[in-house]
Amino acid sequence: MIKSMPVSASWQGNPHPMDRLTRSFMEARDDLLRFLKRRGRQSAAEDIVQTVWVKLRERDDAHTWQEPRAVLFTTAANLGTDTHRRETVAERAALREAASAQSAGSGPDPEAHADAVGQLELLAAALNKLPEPCRQAFLLNRIEGLTHAQIAARLGVSTKTIQRHIERALRACVEVLE
Amino acid sequence: MTSELSMRYAVRLLTRRHSGTWRESDETELQQWLAASGEHREAYDKAARAWNLAGSLQTAAPIAPAATPGSSVKRAGRSRGSYRGCSL
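Chains as they are written, first to last, in numbering that gives the first Met the number 0: chain A, 0 to 177; chain B, 0 to 87.
Don't read these hints as lab results, they were simulated from the structure. All C-beta atoms, glycine included, are put in the ideal place defined by N, C-alpha and C. The reader is advised that the hints may include incorrect statements.
Okay, the calculated beta carbon distance ranges per label pair [said to hold, decoys possible]:
#1 K159/A <-> E28/B: 17 to 25 Å
#2 R58/A <-> E3/B: 36 to 44 Å
#3 Q30/B <-> D46/A: 39 to 47 Å
#4 L4/B <-> K159/A: 15 to 23 Å
Residues from chain B shown here face chain A by an in silico Cβ test under 8 Å; the list is partial [stated by the list, open to error]:
#5 R16
#6 Q31
#7 A35
#8 A49
A short list of chain A residues far from chain B (calculated; beta carbon distances all over 10 Å) [unchecked claim]:
#9 D18
#10 S23
#11 E26
#12 R28
#13 L55
#14 D59
#15 A111
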């Protein structure tokens with residue numbers, strides 16, 4: 000498969016063939032920025048685009064991508080948070096504060112921190128109760144940033160099944176937080 | 000109070016938004032749905048909150064080892080990691 004590909008410095012007559020990740024990234028860069036800004040990540044968009052590149056470079060699996068654009072956008076989306084509206088400056092400051100309090104271990108509000116940890120424990124417990132493929136599909140998408148197509152290939156099922164698994168897992172998370 | 004129908008649709012849209020095949024037209028459709036009713040926005044907010052919080056979970060062990068052709072995947076006990084005492 001990959002081994003049979005002619006790989007040399009003069010591959011297809013191009014002395015410096017741009018690798019697939021770089022090519023896809025450069026083609027999609029402007030669209031990625033627009034996408035992230037529209038999702039309410041105005042100030043962080045540039046940073047996220049840069050992180051996408053670093054993360055995918057580390058993953059080093061560009062040769063397996065069926066839809067490079069989809070991989071780039073999913074990775075970008077997973078690095079940001081999901082929000083349906085643009086954040087105001089005040090909201091961004093409040094969010095940053097909340098986020099740092101949550102990750103600092105002992106933030107300015109220990110009660111809020113305990114609450115956040117408690118909620119994470121609830122989430123973990125809810126996910127662990129799910130059937131294994133369902134739990135795996137959700138975590139591979141949410142934590143590892145894999146696309147539905149990549150997870151489908153890994154678990155040997157259809158993308159439709161992956162969509163169903165992840166919906167079920169997310170539903171369980173929503174319910175346990177209510 | 001969010002209806003079962005709105006909640007189900009919000010979860011479906013959010014899941015698709017992170018599928019890797021989300022397009023400009025999908026985003027337009029989502030924004031139209033959100034603009035149509037406060038209940039829709041409330042449902043989506045609930046789903047997004049769960050999604051965002053789940054992003055803080057981490058697994059110490061591989062979630063699902065990539066299948067190697069011709070070899071069965073060995074599992075040493077429960078291949079579940081943990082996050083700050085939240086076993087996964």
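Against the structure, the hints:
Between K159/A and E28/B the beta carbon distance is about 19 Å. The supplied range of 17 to 25 Å therefore holds. Against the hinted window of 36 to 44 Å, the Cβ-Cβ separation of R58/A and E3/B comes to about 38 Å, which satisfies the hint. At about 24 Å, the beta-carbon gap between Q30/B and D46/A misses the expected band of 39 to 47 Å. Distance hint check for L4/B and K159/A: the Cβ-Cβ separation is about 21 Å, which falls inside the suggested range of 15 to 23 Å.
Hint status for R16/B: holds, given a least beta-carbon distance of 7 Å to chain A, under 8 Å. Checking Q31/B against chain A: minimum C-beta separation of about 12 Å lies over 8 Å; hint violated. Given the 8 Å rule on beta carbons, the hint for A35/B is violated: about 12 Å separates it from the nearest Cβ of chain A. Look at A49/B: its Cβ gets to within about 4 Å of chain A, closer than 8 Å, so that hint holds up.
The claim that D18/A is not at the interface with chain B holds, since no C-beta of that chain comes within 10 Å of its own (minimum 20 Å). The Cβ of S23/A sits about 13 Å from the closest Cβ of chain B, beyond the 10 Å cut-off, so the non-interface label holds. Every CB of chain B lies more than 10 Å from the CB of E26/A, the least distance being 16 Å, so the non-interface label holds. For R28/A, the condition that its CB be more than 10 Å from all CB atoms of chain B holds, with the nearest at approximately 16 Å.
Distance check on L55/A: its Cβ is at least 13 Å (rounded) from any Cβ of chain B, clearing the 10 Å threshold; non-interface status holds. The beta carbon of D59/A sits about 13 Å from the closest Cβ of chain B, which is more than 10 Å, so the claim that it is off the interface holds. Every CB of chain B is more than 10 Å from the CB of A111/A (nearest about 13 Å), matching its label as outside the interface.
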